[in-house]
Amino acid sequence: MRAQFVFQEIWIGLRRNLTMTIALVVVVAISLSLLGTGLLFIKQVDSTRTYWQGKVEVSIYLCTSESVSVQCKQNGASTAAQRQQIQQTLSSNSAVASVTYESQAQAYQRFKQEFSNSPSFVSTVQQGDIPDSFQVKLKNPQADYGSVAASVTSKPGVDSVIDDRSILDKFYKLLDGARNAVVIIALVLLIAATLLVANTIRLSAFNRRRETGIMRLVGASNFYIQLPFLLEGVIAGLIGWAIAAGLLIAVKALWLDNLQQYFTFNVGLSAGDLIEVVVLAMCVGVVLCGATSFLTLRRYLRI
Amino acid sequence: MINFDNVSKIYPSQSRPALENVSIGVEKGEFVFLVGPSGSGKSTFLRLVLKEERPTDGRIRVAGRDLARLSNWRVPMLRRRIGCVFQDFRLLPNKNVYQNVAFALEVIGKPRRFIRKVVPEVIDLVGLEGKHDRMPDELSGGEQQRVAMARAFVNRPMILLADEPTGNIDPATSIGIMKVLDRINRTGTTVVMATHDAAIVDSMRKRVIELEYGKVVRDQSRGVYGQAY
Ligand SMILES: Nc1ncnc2c1ncn2[C@@H]1O[C@H](COP(=O)(O)OP(=O)(O)OP(=O)(O)O)[C@@H](O)[C@H]1O
Ligand SMILES: [Mg+2]
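Each protein sequence line maps, in turn, to chains X and L.
Residues in the first sequence are numbered from 1 upward in steps of one, following this note's numbering.
Residues in the second sequence are numbered from 1 upward in steps of one, following this note's numbering.
Bear in mind the hints are in silico, worked out from the structure with no lab data behind them.
Glycine included, every Cβ here is placed at the ideal spot set by N, Cα and C.
Just to be clear, a hint being listed does not mean it is correct.
Unchecked claim - Quick list of the computed label-pair ranges, beta carbon to beta carbon:
{"hint": "1", "chain 1": "X", "residue 1": "180", "chain 2": "L", "residue 2": "65", "range": "40 to 48 Å"}
{"hint": "2", "chain 1": "L", "residue 1": "73", "chain 2": "X", "residue 2": "171", "range": "57 to 65 Å"}
{"hint": "3", "chain 1": "X", "residue 1": "3", "chain 2": "L", "residue 2": "198", "range": "45 to 53 Å"}
{"hint": "4", "chain 1": "L", "residue 1": "68", "chain 2": "X", "residue 2": "276", "range": "46 to 54 Å"}
{"hint": "5", "chain 1": "L", "residue 1": "73", "chain 2": "X", "residue 2": "168", "range": "56 to 64 Å"}
As the list claims (entries may be wrong) - Far from chain X, by Cβ distances over 10 Å, these chain L residues were calculated:
{"hint": "6", "residue": "8"}
{"hint": "7", "residue": "67"}
{"hint": "8", "residue": "155"}
{"hint": "9", "residue": "217"}
Turn these sequences into a full structure, and let the hints guide you.
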């Protein structure tokens, strides 16, 4: 195998249909970067979801002197006896995993901590503005939320019952939708890329039918005849991938990492995640271009 | 060297056979003319030897090998032992004489040192010394055919197949081409040449096999072209 000869042939092939090659590189680059973005997005959503999964609770807010709801206005702030009563009801319920009481002071501390990034926002809220609450973890949130909520909603001293899940679900539906859209567009573009690879290789094979005809005649092995074409597709794919890798690194650095500032907890993706996605994109690119070239050659290069 | 045993070839979509019950044996070192009217099956015969086509029926042996039993991936090995020239030369227009000949060795992975040694020898053998750097469009038809012969012979094949090599060349130049083929034949290479050129066949006095409608109608050693077509 003479490497120099093979690379010379590849170079000739890539140059001969330069416009097709450029189109191919661009489409591969775009489709791979969209695919990669979709994958990064999935990882991002997963990492926030995992974070929240452990935190999802039912919050039962209690009446304070500041509460504005009708029942609180009527009965005033919750009393120790009422809280006792509520706690009793909750902990005797077999669907409940744990109950913790969070006082107004604790709630304020937690609030200050979670929004430490935005002190101006914190300064508008004072201790006492945030009601005290019971944070209830359920053994099976999906099934038991309804019954647990019903058992305490109308108890004196209860202001409102809020299922954290219902808020998160909306948020995640939005994210999932965006992710699906990105992945679907990426797949459509990958199909377009496949067709382009097939067409480029077909054109290339047609352009060089003289050479390949002679190669066949003088007894060049099929591998030797096909290799330049195969590598042509793979190299175009690799260039497209390299561009996509650059774009993905930019997406992570400029966009996903900026998301961090809206979250107090760590949702940033690690370099490992990025490398994983970039390597996966390379595999998709190389396999797609290589396999398509190979299958196209079997049809258009008669052996 | 080449052995056809009751070989028939019917192309798909064709009802009339291109070759019908052909039995021919060509010995090592022979020079054979294949003659016959257009469409009589000469090119089909040569393509069968190269395993570019498969016979519909019968058995073909080339250099002792049964082609039907030769697996696809070994066909290139067979073709390395067979040189080919055609009426239309089939040179690469963007390569010069030397590169065109060297191409045949490069693509079968021969080392560069070997190529640098044998290519000039073969170019001399076909009478193109001093024209290494010429491009095909700077050569006459006869010279182009010499390049094609150099390329076919550079790997020292056991068999040289020539399909109307003088078809595009005037009679005077054809004599030079035939001299080269004769020179190649004298090195021990078996030569099979399909042709319509009566003058050449008559002057060489070699074995003549005549085909008509795919059948062998004459096989004559030291023969002549026969009646005019
Ligand atoms: N690839 C093909 N597909 C179908 N039919 C073919 C094919 N090649 C040749 N034929 C038919 O087979 C018959 C023999 O053709 P072949 O080319 O062997 O003739 P030939 O003797 O070489 O003719 P010529 O002197 O014109 O070159 C012809 O009738 C031709 O039409
Ligand atoms: Mg013919």
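Need the list of violated hint numbers for this structure, in ascending order.
1, 8
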